[in-house]
Each structure stands twice: as C-alpha cells, then as structure tokens.
Amino acid sequence: MSQSVPVAGRKPLAVPAQVALAGVFAALIAVCAMLPPIPVGGFGVPITLQTFAVMLTGLILGARLGFLSVALYVVVGLVGLPVLSGFNAGFGVLAGPSGGYLLAFPFAAALTGALSTLVLKRGQAAAAQRAARGADVAAGRIGFGWWALVWLSAMVGSFVFIHPMGIGGMMLALDLDLPTALAADMVFWPGDVIKNLLATAVAATVIRAFPALALRRF
Amino acid sequence: MNLLDYRPGHTAVHRCPLWAKYAVLLALSAVLVFWRQPLVVGVTLVVVLALYLAASLPREFLAPWRRGWPLLLFAGIARFISGIWGPTPAPPLEALGPALVVVAAVFGALAAARLLVITTPGTELLDGLERFFGVLRPVGVNPEAAALAVNVMIRSIPWVGGAVRRNAEALASRGLRRGPVRLMGPVLVATVGHARATGEALAARGLPGDHGETRESRPS
Numbered sequence: 001m002s003q004s005v006p007v008a009g010r011k012p013l014a015v016p017a018q019v020a021l022a023g024v025f026a027a028l029i030a031v032c033a034m035l036p037p038i039p040v041g042g043f044g045v046p047i048t049l050q051t052f053a054v055m056l057t058g059l060i061l062g063a064r065l066g067f068l069s070v071a072l073y074v075v076v077g078l079v080g081l082p083v084l085s086g087f088n089a090g091f092g093v094l095a096g097p098s099g100g101y102l103l104a105f106p107f108a109a110a111l112t113g114a115l116s117t118l119v120l121k122r123g124q125a126a127a128a129q130r131a132a133r134g135a136d137v138a139a140g141r142i143g144f145g146w147w148a149l150v151w152l153s154a155m156v157g158s159f160v161f162i163h164p165m166g167i168g169g170m171m172l173a174l175d176l177d178l179p180t181a182l183a184a185d186m187v188f189w190p191g192d193v194i195k196n197l198l199a200t201a202v203a204a205t206v207i208r209a210f211p212a213l214a215l216r217r218f
Numbered sequence: 001m002n003l004l005d006y007r008p009g010h011t012a013v014h015r016c017p018l019w020a021k022y023a024v025l026l027a028l029s030a031v032l033v034f035w036r037q038p039l040v041v042g043v044t045l046v047v048v049l050a051l052y053l054a055a056s057l058p059r060e061f062l063a064p065w066r067r068g069w070p071l072l073l074f075a076g077i078a079r080f081i082s083g084i085w086g087p088t089p090a091p092p093l094e095a096l097g098p099a100l101v102v103v104a105a106v107f108g109a110l111a112a113a114r115l116l117v118i119t120t121p122g123t124e125l126l127d128g129l130e131r132f133f134g135v136l137r138p139v140g141v142n143p144e145a146a147a148l149a150v151n152v153m154i155r156s157i158p159w160v161g162g163a164v165r166r167n168a169e170a171l172a173s174r175g176l177r178r179g180p181v182r183l184m185g186p187v188l189v190a191t192v193g194h195a196r197a198t199g200e201a202l203a204a205r206g207l208p209g210d211h212g213e214t215r216e217s218r219p220s
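Quick note, the sequences are listed as chains A and B, same order. Counted the way the working numbering counts, the first sequence spans residues 1 to 218. Counted the way the working numbering counts, the second sequence spans residues 1 to 220.
By construction, these hints were calculated from the structure, which means they are not laboratory data. Nothing false has been slipped in among the hints.
Label pairs and their computed distance ranges (CB to CB):
hint : chain 1 : residue 1 : chain 2 : residue 2 : range
1    : A       : Phe144    : B       : Leu49     : 54 to 64 Å
2    : B       : Gly193    : A       : Ala148    : 19 to 29 Å
3    : A       : Gly145    : B       : Ser173    : 33 to 43 Å
4    : A       : Ala148    : B       : Leu171    : 24 to 34 Å
5    : A       : Gly145    : B       : Leu26     : 48 to 58 Å
6    : B       : His10     : A       : Pro36     : 34 to 44 Å
7    : B       : Arg177    : A       : Lys121    : 31 to 41 Å
8    : A       : Ala212    : B       : Gly209    : 22 to 32 Å
9    : A       : Leu178    : B       : Glu200    : 43 to 53 Å
10   : B       : Pro138    : A       : Phe144    : 45 to 55 Å
11   : B       : Thr11     : A       : Thr205    : 49 to 59 Å
12   : A       : Phe144    : B       : Asp127    : 43 to 53 Å
13   : A       : Pro36     : B       : Leu39     : 34 to 44 Å
14   : B       : Ala27     : A       : Gly191    : 28 to 38 Å
Beta carbons: idealized from backbone N, C-alpha and C, even for Gly.
Can you build the whole structure from these sequences, using the hints too?
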C-alpha cells in the first residue's frame, strides 16, 4: 500500500495526544524493566529489556516526545515508585552503580530520536519516490539500508550518552579509576549492540503498521 | 493494582512530612556518596538502622541486600579490582577495606531510599511529585500535563503488562519461542494504538485542564 505524503499544513500535536504518548511509553519502559530477562539468539543468552525500551521510545516518538517520555519514567522511578529494574526504588539508586546510566536515558532517547527522525524522513521520501516510479514489489516501504542507519542512530545515542555517563556514575559512586570503570562498562557493549538491533527491528514492525510514524505524525 | 511496598504505620517516621523525608534522604545519600570515611559510613548506617527501628520496621532493613545483592556484589568486586590494579596498586588485603566501605555506602543509600518508599503511601508520593512539577513551571514544564502524564503512565502499566502476557500466550499456543522481536513487535503496535485511544479520550474530556498555560490554546 503506497502512502501519500501530505507536505503542507502539518499542525503541532495537540497536548492531550502528547500526554498520552509520553505516559503510555513511560509505562512501556516500566513494564520492560520489570519483565524477566528474555532469551535471544541461538544460545538463548538472556537480555533485560530496559535499555531496549528506552531506545525504542526514542526511535518511535522522536527527540522531544522521546525525551519527555523517558524523563517521565526516570522521575517517577526516582521519586520512589517501583518502576526501576531490579526492584530498586527511590533516588538511592543514584548512589549505586546504575545511577549514571539512569540519568543518561532521557538524553540518549533524545539524540537517538533526533537522528532517527532525519533518517526515517529521508527513507520515507525515497520509498515514496520509488513507489511513484512503480519499480518495486515492496513499494512504499523503507529500504534495508535506511534501517541500518536507524540502528546506527541508536548506537550513537548509546555511545554519546549512556556509556560515558554510566562510566562517570560508576567512578563517582563506586570510587573507581577510569580503566576499571571502562572495563566494567564494556561488559554491556555486546548486549547493547543486540538490544539496538532488536529495537530497530521492532521499530520497523511498528512503522510498517503505522507508516505515518516515520514522519512523526502520531 | 498494588504497585507499592507501603507498610502502614503510625510512627514518627510515618507521620513526618514528605519534604522532611526527602531532605533527610538527600542528606544521608550525599554523605554516603561524597564522604567515604569508614567511620562516617558506619555512623550513617547506624543512623539509617535507627530510623528503621523508629519506624518499627527492623526486618525491612536488610531487604535491599536480599533483593539487590548482585548489584552490591558487583560494586564491591569492581572497587576491589580497582584497588589491586588501579593507579595506586595495593595488596589484596588493603584493597578489601575500601571495597567493603563502597558496598556499605551503596547499601546504606538503597536502604534509606527504601525506608522513604515503604513509610509513605503511594498517593502521597504522587501528590509530592505533582507539587514538584509546579516548582518546575518557570523552566517550561506544564504541571497539569505532567501530572496527567504520570497518571496515564501508572494506569497504563497493567495494560501494557497484560498486552505482553496475551502475546506471550498467543506465541506459546502456536508453539513459537518467545524471542524479543516476536514478543514485543505486536505489543508495540497495540501500545501505539492504546496511546492514540488514550489521547482521544483525554481530548474528549478537555484534559489536561487549561488553568495552566497550555502550549497551544485549543477550543475542544
């Protein structure tokens, strides 16, 4: 099904719709943080879904709403509602090893959202052009290369914010030196690559169901 | 929905106003993070234990250890390794001390935060959060919209959890393994739909109320 792309007359999203999207996606992150780890791949290595949900929120909601939604989740967790992973609640977690990671989440979602918005808009335009030429079987769908760029924007979000702030948090809270903190952080790198691949795959599923999401029309 | 660990009671700790609880928690956490002398950490831990006793919840004091021991163990091991191989290498026995202090400090901060959570009803926490949003109005936060978003979030958690469970059952009944994409893809499609429906429901009720300055004035 080809999607016609209206260019002019885009209204800003109404406040109730923004509130609902931010709240529901914050709930999604909370549920993913509480789910038991899910086995992935041939060996069934279990992964937790919290960062997956954070990146997915950025990929689907874009920079501004993604930031607000993840910030909502973090604030509600720090105030003391039990939505953080590992059954911890309240801002005592900031004094623990995961504090820096938690504070980085909103910024990572914002950067990932901004980059992926750029990628998805161009990808959608390219797909619409191809569909107009009537060239393809999968007309109107965003091509594989664009999804690789979407994955890359999630990786940029991870490595610009989540890992540096996580390392900083561990150096402060656990009184570590940089090499040890870096080594402790590198344990998460392979899982991070996989989680961002999964987030991109799920984002592709959702955008296939709602193509307008690629243009941040909700 | 019982999302909270609230342990009811009528002690001084329970009746203390919320801002005072946060102030004490902030002070204790700051001491535990920035003042890592063994004696200071020890005294702070005793203070936290005394607060648990004052709340007559002594059995809860060790709950952060029971629930979060992998995290604390990780903290201790990381600090230990840093002590042996770090910029000023020390023999293992000397590195053990700072590692134990770090574990004690992280444990103390978790225990103090948990005491606040279990002695305060969830509704009071949410009221406090709403007041906090009001303070943030000058930086561009719309307090009504933010408070409403919190409520949408809390009410949506059981919905999203239910969507995950339904989809997991659907996968199991088809004999499929629940890989993350198979599990979360349909959940996300349903979640976007749920968010749209929620947004329409809010708009139909004229929410969030326009007694704050909303970003766009919409007659609805």
